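Asks: As given, the protein sequences belong to chains A and B, one line each in that order. In terms of the numbering used here, the first sequence has 76 at position 76, counting the first letter as 1, and numbering is strictly consecutive. The numbering used here runs 333 ahead of the 1-based position in the second sequence.
Where hints are given, some of them may not hold.
Some, not all, of what chain B presents toward chain A, calculated at C-beta under 8 Å [said to hold, decoys possible]:
1) Q375
2) I391
3) E510
4) R584
Okay, the calculated beta carbon distance ranges per label pair [what the hints assert, rightly or not]:
5) A:E313 to B:E495: 48 to 56 Å
6) B:R420 to A:T192: 45 to 53 Å
7) B:G590 to A:E296: 39 to 47 Å
8) B:E495 to A:V13: 32 to 40 Å
9) A:A118 to B:R420: 30 to 38 Å
10) A:A45 to B:D605: 53 to 61 Å
11) A:V222 to B:E495: 25 to 33 Å
12) B:R517 to A:K172: 37 to 45 Å
13) B:E495 to A:P27: 30 to 38 Å
14) A:S175 to B:Y575: 51 to 59 Å
15) A:S108 to B:D560: 36 to 44 Å
16) A:A111 to B:R431: 34 to 42 Å
17) A:A285 to B:D605: 36 to 44 Å
Calculated directly from the structure, the hints in this document are not laboratory data. Predicted, not measured: the structure shown is a model, and the values here were computed from it. Every residue, glycine too, gets a C-beta built ideally from N, C-alpha and C.
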Amino acid sequence: MYAQMVDTGLAKVEDLDALPPAERAFPARIDADVKIEPQDDMPEAYRRTLVRQIQQHAHSEIVGMLPEGNWVTRAPSLKRKAILMAKIQDEAGHGLYLYSAAETLGVSRDAMTGDLLAGKVKYSSIFNYPTLTWADIGAIGWLVDGAAIMNQIPLCRCSYGPYARAMIRICKEESFHQRQGFDIMMAMCAGTPAQKAMAQDALDRWWWPSVMMFGPSDAQSVHSAQSARWKIKLLSNDELRQRFVDQTVPQAEYLGLRIPDADLAWNPERGHYDFGAIDWDEFYAVIKGHGPCNRERIEVRRKAWDDGAWVREAALAHAAKRAARTDDAAEAA
Amino acid sequence: MSAVAAIEVPSRAATHAGDASLDEALLALALRQADSPLVLAQRLCEWIGKAPILEEDIAQANVGLDLVGQARLWYAYAGEIEVRMGRVARGEDDFAFRRDASAFRNVLLVEQPNGDFAHTIVRQFLFDAAQHLALDALARSRDARVAAIAAKAAKEVDYHVERSADWVVRLGDGTAESHERMQRALDALWPYTGELFDADATDLALAEAGFGVDPRTLAAQWRETVDAVLADATLARPADGYVQRGGRDGRHSEHLGHLLCELQFLQRAYPDARW
Numbered sequence: 001m002y003a004q005m006v007d008t009g010l011a012k013v014e015d016l017d018a019l020p021p022a023e024r025a026f027p028a029r030i031d032a033d034v035k036i037e038p039q040d041d042m043p044e045a046y047r048r049t050l051v052r053q054i055q056q057h058a059h060s061e062i063v064g065m066l067p068e069g070n071w072v073t074r075a076p077s078l079k080r081k082a083i084l085m086a087k088i089q090d091e092a093g094h095g096l097y098l099y100s101a102a103e104t105l106g107v108s109r110d111a112m113t114g115d116l117l118a119g120k121v122k123y124s125s126i127f128n129y130p131t132l133t134w135a136d137i138g139a140i141g142w143l144v145d146g147a148a149i150m151n152q153i154p155l156c157r158c159s160y161g162p163y164a165r166a167m168i169r170i171c172k173e174e175s176f177h178q179r180q181g182f183d184i185m186m187a188m189c190a191g192t193p194a195q196k197a198m199a200q201d202a203l204d205r206w207w208w209p210s211v212m213m214f215g216p217s218d219a220q221s222v223h224s225a226q227s228a229r230w231k232i233k234l235l236s237n238d239e240l241r242q243r244f245v246d247q248t249v250p251q252a253e254y255l256g257l258r259i260p261d262a263d264l265a266w267n268p269e270r271g272h273y274d275f276g277a278i279d280w281d282e283f284y285a286v287i288k289g290h291g292p293c294n295r296e297r298i299e300v301r302r303k304a305w306d307d308g309a310w311v312r313e314a315a316l317a318h319a320a321k322r323a324a325r326t327d328d329a330a331e332a333a
Numbered sequence: 334m335s336a337v338a339a340i341e342v343p344s345r346a347a348t349h350a351g352d353a354s355l356d357e358a359l360l361a362l363a364l365r366q367a368d369s370p371l372v373l374a375q376r377l378c379e380w381i382g383k384a385p386i387l388e389e390d391i392a393q394a395n396v397g398l399d400l401v402g403q404a405r406l407w408y409a410y411a412g413e414i415e416v417r418m419g420r421v422a423r424g425e426d427d428f429a430f431r432r433d434a435s436a437f438r439n440v441l442l443v444e445q446p447n448g449d450f451a452h453t454i455v456r457q458f459l460f461d462a463a464q465h466l467a468l469d470a471l472a473r474s475r476d477a478r479v480a481a482i483a484a485k486a487a488k489e490v491d492y493h494v495e496r497s498a499d500w501v502v503r504l505g506d507g508t509a510e511s512h513e514r515m516q517r518a519l520d521a522l523w524p525y526t527g528e529l530f531d532a533d534a535t536d537l538a539l540a541e542a543g544f545g546v547d548p549r550t551l552a553a554q555w556r557e558t559v560d561a562v563l564a565d566a567t568l569a570r571p572a573d574g575y576v577q578r579g580g581r582d583g584r585h586s587e588h589l590g591h592l593l594c595e596l597q598f599l600q601r602a603y604p605d606a607r608w
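So here's chain A without its partners, still in its complex pose (with noise of 0.2 Å):
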C-alpha cells in the first residue's frame, strides 16, 4: 500500500487485561470509537506507528509525482495534460494534508523529508518502476489509484482524527483520479493497433506491482494486528488485495485486455476470483532498493530539496526582515 509493512515497535499485540489501569482508559476509547486528537493522551507506540504510516503515506504522493511527471510535457492532447496537471497538482496536496496530519504528532515536515531523502523512510513500492509509454499513465491512474482507494476508504474511519479527516478528502480526489485514468485506457483501446498494443504493455508491466502494492500476507504479522487494535488499520492485506482483484478482472474484460496471469480464474464456491503466485522476491527486491528507479526517484527528490535550499533560506531571511520591520514601525509609532 502506500504504507507498507508498518512497524508498530512493539514485540506482541497488547493484553489489555494485562494493561495497568491507567493505561486502558485508551484502549477503551478506541473500542468506543471515539476519535482520538492531537491534544489527547496517547500511548508512545501509536504515535509512533502513526507518524512511520502517515509519513510513508505523504512520501509516496511525493514521488509519485515523478512517474507521472514524466509524461506531462508529453501529454498527447490539451485536455489529457490538464487533467493529469491537475492530477500531479492533487498529490502534491494529498502530500500537504498528510504532512500536516503527520506535524500534529509533534515531527516537523523539514524533519520526515530529512528522513527520505536520508533513505530512513520508504514510500510504496510501485513508484519505483518506470512509465515508458503513455499507457503507463492510464495504467498508474486505473491500477495503482485504484488500489490505494482499496486501502483509503477504510481509512476514513480510522482512530486518529486528522488522519481520518485528510483521508476523507484525498478519497474523493482519488477516484476521481481512477476514472480518468480508465478513461485513458477506454481511449487507448478504442484505438488504433499501436495504442491497443500500448494499453496491453501497460497492464503487463503493471499488474503484478500493483497486485503487491498491498503487502505481503499479514494475517501473522504482529505489527497489523496491533495496527488493527488500534483501527489504524482496518483491513488485511489479503483482504484488500482481494478485494482490488475482484474490482479489477470485469475491468480488464471491458477494455478487452488481458490480465498476465494464467491461474485467474473466478471461484464460484469462494465467490471472488483465484489469482497466481506473487513473485515476494521482487517486491522485496524493490523494498530494498533494487527497483527500476529507486535510485533515480531518490536522486531527482535530493536534488530538488538541494537545489531550492537558496529558494527557502531567502525566503526566511525575507521573512524575518519584514518582521523586523514591523517591530522597528510598532516601536516608532
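The hints should help you fit chain B onto chain A, whose structure is shown.
Replies: Only chain B this time, still in chain A's reference frame:
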C-alpha cells in the same frame, strides 16, 4: 485548480462580419494570445515534482493549468475565425501539436529555459505584469469573444502577477545569494521584454477597429509596476539595450524547437491516433 470553464458564447458581434482582413488580424491576435500561455505552461510543467517547496509545486501547477486553459479558449476562437473565413476547421490540438515552430506566435520571453528558480520567477513576473495589462485592455474589445476570453483570463492573471511579484520581492530582498541570482536572471531576461510592447500593422489595425490594443500604450504602466516591484526587491532595473524580438512573427530562439519536440511527440509519432 481551475478547469477550463465554458465561456458563454455571445451572439457573434456583427460589426466586422465579412471583413476578411479584420478576421485575419483577429486570427493573428488569437494565436498570439494562445501560444504564449501554452509555451509558458509547458515550461512550468518541466518543474512538476521538483519545486523548492511543496507549496510551490502546487502554485506552479495551478498557474500552468490556468495558462493551458487560456490557450485552449484562444485556440477554440482561432478555429472559429478560420471556419468563418472558409478555411478547414482546426481544433485546439491541431494548433498546439501540429504546427512547427515558425507558425508559433509566442513572445521569445516565455520560451526561455527555466534555469534556476530565480530565472523562472523573473520570467513569470515580467510576462504576468505585461499580460495583466494586455488582458485588461482586451476585455474591453468590441469583439465579444475576445472580450469574454480576456475577461476570464484577466481574473486569473491578476492572481499570477500578485504571486510572481511577491516572489520577486522575497528573493530579491532575501539573502545575498538570492539577491545575486535574481539580479542575474533579470539582466539575462531583460532584452526579451521589449518585444512585449512591439506594435505591428496587425496590432494597429485591431486597435483602430476597437478590437485589440496597441501594445505600445501599455509600456509605461508596465514599467511603473516593474519599477515599484524591483524597488521593493532591492533589484536594479537593467539598462535598456538591444531588444531581442521575432517571436510574434514566428522567428524564435533555438529553444522552441526542442520544447515542441517534447510537447508534440505523441501527436507526431502517432498521427492517426485519438487520445
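Asks: Taking the hints in turn, state whether each one holds.
Replies: Here is how each hint holds up against the structure:
Checking B:Q375 against chain A: minimum C-beta separation of about 6 Å stays under 8 Å; hint holds. Taking 8 Å as the C-beta cut-off, the interface hint given for B:I391 holds, the closest approach to chain A being about 5 Å. Checking B:E510 against chain A by beta carbon gives a least distance of about 5 Å; that is within 8 Å, so the hint holds. With a cut of 8 Å, the hint placing B:R584 at the interface with chain A is violated, because the nearest CB-to-CB distance is about 24 Å.
For A:E313 and B:E495, the Cβ-Cβ distance of about 23 Å falls outside the hinted range of 48 to 56 Å, so the restraint is violated. A beta carbon spacing of about 27 Å between B:R420 and A:T192 contradicts the range 45 to 53 Å that was offered as a hint. Roughly 27 Å separates the CB atoms of B:G590 and A:E296, a value that falls outside the hinted 39 to 47 Å. About 54 Å separates the C-beta atoms of B:E495 and A:V13, a value inconsistent with the hinted range of 32 to 40 Å.
Distance hint check for A:A118 and B:R420: the Cβ-Cβ separation is about 59 Å, which falls outside the suggested range of 30 to 38 Å. Range check, A:A45 to B:D605: Cβ separation about 59 Å, and the 53 to 61 Å hint holds. Between A:V222 and B:E495 the beta carbon distance is about 53 Å. The supplied range of 25 to 33 Å is therefore violated. In this structure the hint that B:R517 and A:K172 lie 37 to 45 Å apart at CB holds, the actual value being about 44 Å.
About 51 Å separates the C-beta atoms of B:E495 and A:P27, a value inconsistent with the hinted range of 30 to 38 Å. Range check, A:S175 to B:Y575: Cβ separation about 55 Å, and the 51 to 59 Å hint holds. Distance hint check for A:S108 and B:D560: the Cβ-Cβ separation is about 39 Å, which falls inside the suggested range of 36 to 44 Å. Our hint of 34 to 42 Å for A:A111 and B:R431 is violated, since their Cβ atoms are close to 49 Å apart.
In this structure, A:A285 and B:D605 meet the distance hint of 36 to 44 Å, their C-beta atoms being roughly 40 Å apart.
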